[in-house]
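Model the placement of chain B on the given structure of chain A, informed by the hints.
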Amino acid sequence: MVVLNFTLTPEAASKIHDLLVCLGKFSDTVAIESRRERLVFTALNSSKSAYAALTLDGKQFFSTYECIPSHGGPEGRFTCSMYTKALLSVFKGRLYDPLGRDGAIDRCEVSVQDRADETQCRFIVKMVCNQGVIKTYKLTYEAVDVMHALFDRNAAVNRWSMNAGAMKEYIEFFGTKTEMLDVFAGDDGRAVFKSYTEKIANGKEILKHPLVTAVAVNTSDFEEFKVQPGLHIVISVKDFKAIVIHADTLKTSLKAYYSQPTRPLQFSYGSDGLLCEFTLMTSGDYNGGTAPPTPAPVAPQIASRVASRAISAAAPDARDNRSMPPPVEPASRRSTRRQVGSRQPSSPTRLQDDPESLFVNQGEEEDTQWEPVDYNNNEEEALGWDASADRNTGNFATFQDSGSFSRSEGVQGNADSMEGIAPTQRVSQIKGLW
Amino acid sequence: MRFKAQIHNIHTFTKLTASLNSLGPLAWLKLSDEQVCFTIIPEQGTQVWAVLSIDTIFDTYAVQSAANNVINLEVPLGPLNRALKSALNATSAQIRLTKKDNIPLLALTIATTSSNNAYSAFPTSGSRDDDTMFDAQSGGSRETVITQEVPVRVLAPDTVSGLHEPQTREPDVHIILPPLMQLKSISDRFTKLALAGARTSSGAAATRTRLDMAANMHGCLRMSIKTDAMSISSVWTDLANPELDPSQVANGDIGIAEHPSTRMKLLGSADGRSEEGWASVRIDGKDWAKVMSVGRLGGRVIACFCHEHALILYVYLPTDGGEDESVLTYYISSYSA
Chain A
1451 MVVLNFTLTP EAASKIHDLL VCLGKFSDTV AIESRRERLV FTALNSSKSA YAALTLDGKQ
1511 FFSTYECIPS HGGPEGRFTC SMYTKALLSV FKGRLYDPLG RDGAIDRCEV SVQDRADETQ
1571 CRFIVKMVCN QGVIKTYKLT YEAVDVMHAL FDRNAAVNRW SMNAGAMKEY IEFFGTKTEM
1631 LDVFAGDDGR AVFKSYTEKI ANGKEILKHP LVTAVAVNTS DFEEFKVQPG LHIVISVKDF
1691 KAIVIHADTL KTSLKAYYSQ PTRPLQFSYG SDGLLCEFTL MTSGDYNGGT APPTPAPVAP
1751 QIASRVASRA ISAAAPDARD NRSMPPPVEP ASRRSTRRQV GSRQPSSPTR LQDDPESLFV
1811 NQGEEEDTQW EPVDYNNNEE EALGWDASAD RNTGNFATFQ DSGSFSRSEG VQGNADSMEG
1871 IAPTQRVSQI KGLW
Chain B
28 MRFKAQIHNI HTFTKLTASL NSLGPLAWLK LSDEQVCFTI IPEQGTQVWA VLSIDTIFDT
88 YAVQSAANNV INLEVPLGPL NRALKSALNA TSAQIRLTKK DNIPLLALTI ATTSSNNAYS
148 AFPTSGSRDD DTMFDAQSGG SRETVITQEV PVRVLAPDTV SGLHEPQTRE PDVHIILPPL
208 MQLKSISDRF TKLALAGART SSGAAATRTR LDMAANMHGC LRMSIKTDAM SISSVWTDLA
268 NPELDPSQVA NGDIGIAEHP STRMKLLGSA DGRSEEGWAS VRIDGKDWAK VMSVGRLGGR
328 VIACFCHEHA LILYVYLPTD GGEDESVLTY YISSYSA
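Going line by line, the protein sequences match chains A and B. Its first residue numbered 1451, the first sequence is counted upward by one per residue in my numbering. Its first residue numbered 28, the second sequence is counted upward by one per residue in my numbering.
Worth flagging that the hints you see were computed from the coordinates, not collected in a lab. It is possible that some hints are incorrect.
Stated by the list, open to error - Simulated crosslink set (DSS-like; lysine-lysine; CA at most 27 Å straight-line):
hint	chain 1	residue 1	chain 2	residue 2
1	A	Lys-1658	A	Lys-1691
2	A	Lys-1618	B	Lys-42
3	B	Lys-42	B	Lys-112
4	B	Lys-42	A	Lys-1658
5	A	Lys-1688	B	Lys-112
6	B	Lys-313	A	Lys-1658
7	A	Lys-1658	B	Lys-317
8	A	Lys-1688	A	Lys-1535
9	B	Lys-57	A	Lys-1658
10	A	Lys-1509	A	Lys-1542
11	A	Lys-1475	A	Lys-1658
12	A	Lys-1627	B	Lys-253
13	A	Lys-1585	A	Lys-1535
14	B	Lys-57	B	Lys-112
15	A	Lys-1658	B	Lys-126
16	A	Lys-1618	A	Lys-1576
17	A	Lys-1676	A	Lys-1691
18	B	Lys-127	A	Lys-1649
19	B	Lys-253	B	Lys-313
20	A	Lys-1535	A	Lys-1676
21	A	Lys-1701	A	Lys-1542
22	A	Lys-1676	A	Lys-1618
23	B	Lys-112	A	Lys-1658
24	B	Lys-253	A	Lys-1688
25	B	Lys-127	A	Lys-1627
26	A	Lys-1576	A	Lys-1588
27	A	Lys-1627	B	Lys-112
28	A	Lys-1535	A	Lys-1588
29	A	Lys-1658	B	Lys-219
30	B	Lys-211	B	Lys-42
31	B	Lys-112	B	Lys-127
32	A	Lys-1627	A	Lys-1498
33	B	Lys-126	A	Lys-1627
34	A	Lys-1627	B	Lys-211
35	B	Lys-126	A	Lys-1649
36	A	Lys-1701	B	Lys-112
37	B	Lys-112	A	Lys-1691
38	B	Lys-112	B	Lys-126
39	A	Lys-1658	A	Lys-1688
40	A	Lys-1649	B	Lys-253
Chain A extracted, bound-state conformation:
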């Protein structure tokens, strides 16, 4: 039996509307994962090329929040999945209206009825409106396992951040039917966002070719821009638009983290207890040519912390970046988990270990909110996106050693709970992911 009750202010309910609109552009269904201190909306698109996790902080986002999962102790969770449209028909637009016009609410109370002694399991939303009107919606839900995409922000050496409002101006220039977005870091102090379509048509068809739009932005217009010059990275323009439009509703800055083409890219933004993270597939040619994608000093650093990195490095052709190397079991599974969970406690040590690190240490706090899989649930399927960059196999043994060393030393507290973690699914077993 799970207890999940929370109350939303009209502003928060309207934010739920906005995030559902955004998630609806990725997937028909949205998964909800609630834990003791937070609630996460996740969505994975049908081609599994885009994954969204929107985390609502229990204390900050909600007026009241109570979640007691039926099992699993402090790390336990309750997960379910619902149609995005069904939720949207409850969390309509204009829930928040300072003038109290039609549709405005006073507060919103949500509870989950999931008990063995009840015949029906329902997700119950009560919209308490003005003049004492209460609208109660009872939604059905499906119990699901929630998959998470892992993203290693430390491997993502390229990062930029920009005000979402400014970015929204740029996306408005894009043609309507384009498919791809190429983000290019020029070496002339400009970043170029180019929307285009890959289809090459001939003859008369050429005229049906959608507009190619390139927006060149001075890198000084970014709040932060640290991208290797000459790097092209390609994502879906539709996903990008959905993300920018949502980020703009929060009036916040959009941050991008990525390493190189074919490795995942993450967009992150948030405010007031809402943290949005989108992990997207990327493509594109690596044209930088000069420096290796991940600077050399990085490898030992990760290795000392994360055994999984070493394992993926053991993949025969680590330079082949067209496919992500499947992690070798079992060490990688355990260690992937360990890595994410242990990131925060171990990070101070790590920094001291390697003063030459090229990693930017900011964003670490957000990282802790990037929650990995549920360690206590053996049935869980976790989808590991190994965002580590290539490294050289020669150091493998050392990596493993230091990996286990750091575990015993730095993360004892967490390490115990991570024993017997559900394994990461082998990449080779996942069909249609890439």
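Same frame as chain A, now just chain B:
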């Protein structure tokens, strides 16, 4: 082959492409030393032949080609319009013909300074020191360059040599149309009524929405629609019938004396009640709605009625007192009853 120009009147150009786009997706664009011509010849419906003086939309205009400095292009109007829209707040916009991967393109290079600088006033984290704020603001000229690439097809002179502006006989009646917004709202309502009537009576079968348009030489314009169930008409009076210019008519004064419109002047009356003296055409309501899209350009429109044959609209673009006028000519043929 070279074409390069500064776009000088981005709003007019954008509205022009939007109006033309409602009639057909592709335009034949003829660029020459003297003028810029847009021609839309859809498979069905109204043709437009637009002749613009260069300074209506361009500035520092340069066109060069082996064929007498004339370049003929086939241009998709939708993407062109979309591209132009992104230049509406531009500080400068340039268009040129170029080639990329062997595909000819019209490339627009648009420089904008961001319209809202407000965001630099809100640093993301409250703990930022003043230096960062200062930096963000001193970056003052927040210029963004947008490149829009519209794929085009280059047409050989032979391809276009067979295209001629339609020949029509001398019109029976010429009249200045009332404001197009007024005309459009009435014709739209008529068309809707006709469609609704057709839907209830005969299902989805023949949803013909024929508008009867008629005008006389006494300043009257009549628009009417007839279905099995109804007959409605609107009459405008006190419109102007412009005088013909003898220098523009074949045989000068004699030509005018023999002109059909001179005969039509003898018939009908200024109150529009007489059944005589009307030159009328039957046009398709949906097609007319597309034609009315030109109203956004705000030009003066002269309609020439060839009785039971065709309706020709001359849309004169407003100029700032320049000598060369830009004219859009719409050829709408009349349906037989």
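Against the structure, the hints come out as follows:
1. Lys-1658(A) <-> Lys-1691(A): 22 Å, holds
2. Lys-1618(A) <-> Lys-42(B): It holds: about 24 Å lies between the C-alpha atoms, which stays within 27 Å.
3. Lys-42(B) <-> Lys-112(B): 9 Å, holds
4. Lys-42(B) <-> Lys-1658(A): 21 Å, holds
5. Lys-1688(A) <-> Lys-112(B): Within the cut-off at roughly 20 Å; holds.
6. Lys-313(B) <-> Lys-1658(A): Within the cut-off at roughly 24 Å; holds.
7. Lys-1658(A) <-> Lys-317(B): This hinted pair holds, its Cα atoms lying about 21 Å apart.
8. Lys-1688(A) <-> Lys-1535(A): 19 Å, holds
9. Lys-57(B) <-> Lys-1658(A): 20 Å, holds
10. Lys-1509(A) <-> Lys-1542(A): 24 Å, holds
11. Lys-1475(A) <-> Lys-1658(A): Measuring from Cα to Cα gives roughly 25 Å; hence the hint holds.
12. Lys-1627(A) <-> Lys-253(B): This hinted pair is violated, its Cα atoms lying about 41 Å apart.
13. Lys-1585(A) <-> Lys-1535(A): 18 Å, holds
14. Lys-57(B) <-> Lys-112(B): 22 Å, holds
15. Lys-1658(A) <-> Lys-126(B): 17 Å, holds
16. Lys-1618(A) <-> Lys-1576(A): Roughly 34 Å between the alpha carbons, so the hint for Lys-1618(A) and Lys-1576(A) is violated.
17. Lys-1676(A) <-> Lys-1691(A): 22 Å, holds
18. Lys-127(B) <-> Lys-1649(A): Given that 27 Å is the threshold and the Cα spacing comes to 15 Å, the pair holds.
19. Lys-253(B) <-> Lys-313(B): 15 Å, holds
20. Lys-1535(A) <-> Lys-1676(A): Since the Cα atoms of Lys-1535(A) and Lys-1676(A) sit roughly 38 Å apart, the hinted pair is violated (cutoff 27 Å).
21. Lys-1701(A) <-> Lys-1542(A): 20 Å, holds
22. Lys-1676(A) <-> Lys-1618(A): Distance ~21 Å between Lys-1676(A) and Lys-1618(A) Cα, so the pair holds.
23. Lys-112(B) <-> Lys-1658(A): Satisfied, since the Cα-Cα distance of roughly 18 Å is no more than 27 Å.
24. Lys-253(B) <-> Lys-1688(A): At roughly 47 Å apart (the allowed maximum being 27 Å), Lys-1688(A) and Lys-253(B) break the hint.
25. Lys-127(B) <-> Lys-1627(A): 20 Å, holds
26. Lys-1576(A) <-> Lys-1588(A): 9 Å, holds
27. Lys-1627(A) <-> Lys-112(B): Cα-Cα ~16 Å, so holds.
28. Lys-1535(A) <-> Lys-1588(A): 14 Å, holds
29. Lys-1658(A) <-> Lys-219(B): 31 Å, violated
30. Lys-211(B) <-> Lys-42(B): Satisfied, since the Cα-Cα distance of roughly 17 Å is no more than 27 Å.
31. Lys-112(B) <-> Lys-127(B): Roughly 23 Å between the alpha carbons, so the hint for Lys-112(B) and Lys-127(B) holds.
32. Lys-1627(A) <-> Lys-1498(A): 21 Å, holds
33. Lys-126(B) <-> Lys-1627(A): At roughly 22 Å apart (the allowed maximum being 27 Å), Lys-1627(A) and Lys-126(B) satisfy the hint.
34. Lys-1627(A) <-> Lys-211(B): 31 Å, violated
35. Lys-126(B) <-> Lys-1649(A): 17 Å, holds
36. Lys-1701(A) <-> Lys-112(B): The hint holds at about 25 Å.
37. Lys-112(B) <-> Lys-1691(A): The hint holds at about 18 Å.
38. Lys-112(B) <-> Lys-126(B): 22 Å, holds
39. Lys-1658(A) <-> Lys-1688(A): Judged against 27 Å, a Cα distance of about 19 Å means the pair holds.
40. Lys-1649(A) <-> Lys-253(B): Violated - the C-alpha atoms of Lys-253(B) and Lys-1649(A) are around 48 Å apart, more than 27 Å.
Figure legend: structure checked against the earlier numbered hints; hints not met, in rising order: 12, 16, 20, 24, 29, 34 and 40.
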